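Construct the complete structure from the given sequences, taking the supplied hints into account.
Protein chains: 2
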Amino acid sequence: MTRQTKRRRRPDARPEEILAAALTVFSAKGFSAARVEDIAREAGLSKGAVYLYFPSKEAMLNGLVEQSAGQLAQAAEQLVAQGAPQDPEAAFRALLDMLFTAMGDPGVNAAPRLVFAEAARFPEIAAFYRTHVIEIARRSLRALLAAGVATGAFRDVDSDAFMRSVAGPGIAHMALTSIFALPPDHLNTPADMADAIADILLHGLKPRDPAT
Amino acid sequence: MTRQTKRRRRPDARPEEILAAALTVFSAKGFSAARVEDIAREAGLSKGAVYLYFPSKEAMLNGLVEQSAGQLAQAAEQLVAQGAPQDPEAAFRALLDMLFTAMGDPGVNAAPRLVFAEAARFPEIAAFYRTHVIEIARRSLRALLAAGVATGAFRDVDSDAFMRSVAGPGIAHMALTSIFALPPDHLNTPADMADAIADILLHGLKPRDPAT
DNA sequence: TGTTAATGACTGACCGGTCAGTTATAATAG
DNA sequence: CTATTATAACTGACCGGTCAGTCATTAACA
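The listed protein sequences derive, respectively, from chains H and G.
Using our numbering, the letters of the first sequence map in sequence onto residues 1 to 212.
Using our numbering, the letters of the second sequence map in sequence onto residues 1 to 212.
Quick caveat, the hints were computed from the structure, so don't treat them as lab data.
Accuracy of the hints is not assured; some may be wrong.
For chains that are exact copies, the list does not tell them apart, and a pair is met inside one copy or across any two.
What the hints assert, rightly or not - List time: in silico DSS-like cross-link candidates among lysine-lysine, alpha-carbon distance up to 30 Å:
1) Lys-29 / Lys-47
2) Lys-29 / Lys-57
3) Lys-57 / Lys-47
4) Lys-29 / Lys-206
5) Lys-206 / Lys-47
6) Lys-206 / Lys-57
Bear in mind the structure is a predicted one, so any value in this text is a computation, not a measurement.
If you want it as structure tokens, here you go:
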């Protein structure tokens, strides 16, 4: 019989387990108010044990950000690199769908939320996020826009405004659903919401043939 | 001679002064890591004195949110109520201008940033913000959209998607400039950025007469 | 003089980080 | 296969510093 006492020996998986527990606790209480002992308990360890794997509480925060940051941005980058040349509009819609699906999932958006909350107090975290997430996202969006302009699918709008127009609604969606726990009104799935946003961004608010 | 020693008489302005100091310190360090003594020093008082005006540190946070919340939302509400019936498009542009000007100013966006960071840990703050800011903004945007649809200026898009499309870029702008301290690339003033976003939202990304 | 605003030393709880000791497992010997 | 030794993972009591909140005292008025 495979023993499974309280004291398990799997030191290789420990760091990830601790980071997962740290994300949960940091996310619920914020970095400062989170207690290392709570993280330890959440990971099924004693407080002393987590200090075998991380030198400090702040190191857990750093590890967390480094682990999670960039995953979404890199996925977006790949999506754009693959899809944008052939069909920029389809890539754009797929990108928004991916963005809203991620931002609408509390498990996925926990890390970005944490970064938003703590970046002001930890300049190196802000810098890391800037280079590993924001810059990658910005480059991808610029490439997508350029591809669309090249094929005639998109107008040649300003790329910084484009970035804010695309990422912003996703962030707003995250804030409304995961921070303020707003009940969804009309569009229930993130994918539906992404479609509606894509419609607005692609076609604009004005009617095709102005009535005036 | 009117003495002006360190120990002044109670000016009745004290609560506001303390709240302003609290906003500064909370904004820089976050609620948990902020020390009451720092707030007192910032307000030019001793620690004991601030407890003459607020029963606890958390009460300062609450007072802060209650004081600052809704000012922008109410201004937006008024702007929409006045301008939307006659010229929805102009009201829309004015709204975006106001939003970006506010969100681009670190002094103004400090309170929203703080709420974003701490709302997860203080449910009543989240609830207060929901009813006093988000709901008001939502109502105003719905009214603006309805007015535009009535005059034929806007298409009848989904109102929740509309809200995210309008507010989101403003939040993204706040995050990029005030949290991640990104240097502006092309559009240097918030008003310019607002104009560019308004252009995208009004006309869409697709060319007016499709090339295909 | 009495009242009120304000002080800052103080208290007590809390928590990050440490470390002497414990236990499970592995290695080796008999 | 059992006994012995070695070791790495782990524990939890503890230390030291920090900080929210208190209160005896003081200064500035009326």
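Verification of the supplied hints:
no. : hint             : verdict
1   : Lys-29 / Lys-47  : both (18 Å within a copy, 26 Å between copies)
2   : Lys-29 / Lys-57  : both (14 Å within a copy, 16 Å between copies)
3   : Lys-57 / Lys-47  : both (11 Å within a copy, 29 Å between copies)
4   : Lys-29 / Lys-206 : neither (44 Å within a copy, 44 Å between copies)
5   : Lys-206 / Lys-47 : neither (59 Å within a copy, 56 Å between copies)
6   : Lys-206 / Lys-57 : neither (51 Å within a copy, 49 Å between copies)
Of the hints listed earlier, those the structure fails to meet are numbers 4, 5, 6, in rising order.
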